[in-house]
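If you're matching them up, the sequences are chains A and B in order.
For the record, in the first sequence the residue sitting at position 69 is 69 according to full-length UniProt numbering, with numbers rising by one throughout.
For the record, in the second sequence the residue sitting at position 52 is 52 according to full-length UniProt numbering, with numbers rising by one throughout.
These aren't lab readings, by the way, just hints derived from the structure by calculation.
Even for Gly, the Cβ is constructed at its ideal location relative to N, Cα and C.
Be careful, since some hints might not be right.
[Stated by the list, open to error] Only some residues are given here: those of chain B computed to face chain A with a beta carbon under 10 Å:
(1) E63
(2) T66
(3) E149
(4) P151
Number of protein chains: 2
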Amino acid sequence: MTETVLYDYWRSSASYRVRIALNLVGEAYRSVPVDLLAAAHRGPEHLARNPQGLVPVLDIDGERLTQSLAIVEYLAETRAVSGFLPSDPIGRQRVRALSYAVAMDIHPVCNLGVVAHVMAAAEDGEAARRGWMQKFIGDGLAALERMLEHPATGAFCHGDRPTMADICLVPQVYNARRWEVDLSDCPRIVAIDARCAEIDAFARAHPDRVKP
Amino acid sequence: MTETVLYDYWRSSASYRVRIALNLVGEAYRSVPVDLLAAAHRGPEHLARNPQGLVPVLDIDGERLTQSLAIVEYLAETRAVSGFLPSDPIGRQRVRALSYAVAMDIHPVCNLGVVAHVMAAAEDGEAARRGWMQKFIGDGLAALERMLEHPATGAFCHGDRPTMADICLVPQVYNARRWEVDLSDCPRIVAIDARCAEIDAFARAHPDRVKP
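Construct the complete structure from the given sequences, taking the supplied hints into account.
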């Protein structure tokens, strides 16, 4: 049995997703912090783990895996208890679509490297960052709220147990609050996020709980 | 039997992926253009189809689906011939990771709406757009090239038949060429793209072939 190791950064949304997923399937892991603010992700040691220079990287089952959602899908396939994806193809399609509405359409645009580039081009970098975050997180979550106006939405994004969509949503809501995005028009999102916060697997993965 | 309808834009990478995937599984479809340049995607008719206001939207099997990669996964699950994902969990994890290295880490950052925002903030909008595209597509494909330095890479991104990773790669290479990104350090990517171009399902999906 090989040790499961997560190369992690406490505030990374992608790492946060994988922490939630590992907790939900009850997979014990050791965390190795990669300090993005000190540019450790661009050092030779981390680039040898992942040529993209991104976190998370997960060592599990004797393999080295990258890309948070590909890891969540792997856990869904190999850990039968996960429930990360529903059993019907249309349900799985919907959960993936909701997941990607966050993980493709919001998160990459607000990633550290992208926003650094936006700040560098602006006269007032801090204001540019704040405006950028509020626009793209705000617009993206407003669209997601409308996608959740759907009969398959339950206590969680899809039905009454957490799926991959909730694993994507919670770190994005954490970021929305960090940048003071107005969520008053997103009551479904706020309610689902609150329900997730009550689950130990989500609570233990929160950045404040894993901050070095 | 319901008609399969693709709400499409000829130059959208996400639409291009779904065209390739539909062609590869031999699914006949009718194309309905949504003119992004005329902002048709933000009109009430398209927002009723997809609250995100994005293309593609696919009507298939009596359902309405959004999010290109969730559609590709749906076709992989429901059309046994697809081969879009390998049969082993580690292989599937790798194909998804390669796919997301394009579909999450390059494409959203270079999306029309995001780049319009970058241009609006810049003194010389055209130069800002060009610099932005070259940086993010260039850096992203360079990282992907290193991910392809892997024993599981074959004639295509994973093994010797096209998978979801190739479906993501080809539209991104089209965009790289459009923005004159230097691909001289990406010989694997260039070779795989050339092999895909020889396949009718890819060739028929090319923007130049479907441009209204």
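Quick rundown of the hints versus the structure:
1. Residue-level restraint check for B:E63 holds (minimum Cβ-Cβ distance to chain A is 6 Å; threshold 10 Å).
2. With a least beta-carbon distance of about 5 Å to chain A, the hint placing B:T66 at the interface is held under the 10 Å criterion.
3. For B:E149, the suggested interface contact is upheld, since its CB lies about 8 Å from the closest CB of chain A, less than 10 Å.
4. The interface hint given for B:P151 is broken, as the beta carbon of that residue sits about 13 Å from the closest beta carbon of chain A, more than 10 Å.
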